[in-house]
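With the hints as extra help, turn the sequences into a complete structure.
Each chain, letter by letter, is given below.
Protein chains: 2
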Amino acid sequence: MAHLLPAALEKVIDELGRLPGVGARTAERYAYFLLRADQHVSESLATSLEQLHQQVKTCPVTFALIDADEAVSPLYSDPDRDKTTVAVVEEPLDIVALERTGHFKGTYHVLGGAISPIDGIGPEQLHIPELIERLARDNVQEVIIATNASVEGESTALFLQKNIVDAGIDIKLSRLARGIPVGVDLEYADQITLSHALDGRSLL
Amino acid sequence: MAHLLPAALEKVIDELGRLPGVGARTAERYAYFLLRADQHVSESLATSLEQLHQQVKTCPVTFALIDADEAVSPLYSDPDRDKTTVAVVEEPLDIVALERTGHFKGTYHVLGGAISPIDGIGPEQLHIPELIERLARDNVQEVIIATNASVEGESTALFLQKNIVDAGIDIKLSRLARGIPVGVDLEYADQITLSHALDGRSLL
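Chains A and B, in that order, are what the protein sequence lines are. Sequential numbering of the first sequence, starting at 1, is according to the working numbering. Sequential numbering of the second sequence, starting at 1, is according to the working numbering.
No lab work stands behind these hints: they were computed from the structure. This list has only true hints and no planted wrong ones.
Straight-line Cα separation of at most 20 Å, SDA-like style, residue types lysine to any residue; simulated pairs:
id	chain 1	residue 1	chain 2	residue 2
1	A	11	B	57
2	A	11	B	99
3	B	11	A	74
4	A	11	A	38
5	B	57	A	40
6	A	11	B	74
Covered by chain B, according to a simulated footprint, are these stretches of chain A (three or more residues, beta-carbon under 8 Å):
id	region
7	9–16
8	35–49
For every residue, glycine included, the Cβ atom is placed at its ideal position computed from N, Cα and C.
Okay, structure coming up:
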């Protein structure tokens with residue numbers, strides 16, 4: 001199949017094919033779009049990619065992603081954010097999801113993943129010691145464990161809870177509610193979700 | 001929502017969001033993957049993008065995409081390819097799809113789109129005059145019209161057929177067969193496809 005497409009186009013297709021969930025056909029479509037579009041579109045994407053690693057770093061306190069010239073995350077340094085409430089998430093993008101609700105005024109702590117023996121991620125790779133330190137330093141009153149609703153997320157939540165209790169820290173611990181998502185029919189909800197929805201029912 | 005993510009990351013998300021079919025969430029996932037991956041992955045993609053427009057050009061005979069240092073498409077210059085049979089396609093990537101069959105030994109001609117009044121694409125924007133010239137020059141015996149099975153593809157096929165007949169060129173004209181795709185149950189085939197399958201039935 002050599003030489004069907006120009007080498008430079010094949011190269012772009014190969015590189016785009018590394019993106020998660022992008023197969024050969026999708027990569028071809030993206031590359032062809034970029035070739036048809038004005039040259040500045042691909043050049044502008046190229047420039048942004050070159051600056052990505054240099055201009056992004058991790059907040060030393062919350063482990064959120066921040067600009068290279070910032071000292072700590074603005075969601076932490078902002079005096080309007082309540083430092084005594086900490087939402088613990090797996091990944092930096094989870095912060096974006098929670099911020100989009102406009103419903104949370106506390107601060108965040110990114111674990112940097114979830115415990116997953118299959119992927120070789122043990123608890124020692126997560127930013128748990130830093131969280132424990134922070135609980136005392138910031139006089140934290142409540143930790144909201146906001147890990148994913150996956151097996152790994154659940155194990156991580158349990159592990160975290162045990163760690164905080166074992167450290168002798170007397171603090172309010174909570175989890176995000178599990179239940180029926182908005183807009184979903186009861187008949188399509190799985191058993192476990194439905195059990196959670198029953199357990200967590202609210203009185204009217 | 002300003003300042004939720006580092007500016008350099010937002011920039012990559014915006015740029016990736018221009019790709020066809022890529023929404024905000026998908027662009028975020030791609031960008032985060034690139035940030036987590038080794039720096040050379042994004043740099044390598046950046047380099048390939050910078051070279052894309054400079055190193056790819058259009059074949060002056062077949063309008064396929066070729067390397068900037070090639071004179072004509074290797075699928076045309078190859079002496080093993082039958083220049084008297086020409087498959088006419090809408091876009092350069094259609095050539096890749098046909099070549100993957102390993103079933104066609106003729107040459108190609110890319111129209112550069114299909115007639116679509118809604119998108120402002122008229123017949124004068126397609127490489128039809130160049131095809132007509134080529135038919136005489138290469139002593140072409142058969143033109144296989146391989147436009148898409150869409151309304152635009154069908155109109156383009158009809159227009160092309162009329163043009164060739166009107167030019168007084170006596171030549172074999174054919175279309176790709178329409179019918180039931182492999183692996184599809186009869187009950188799920190639409191009416192029009194089924195009608196085509198009946199019309200084009202083969203005797204056993």
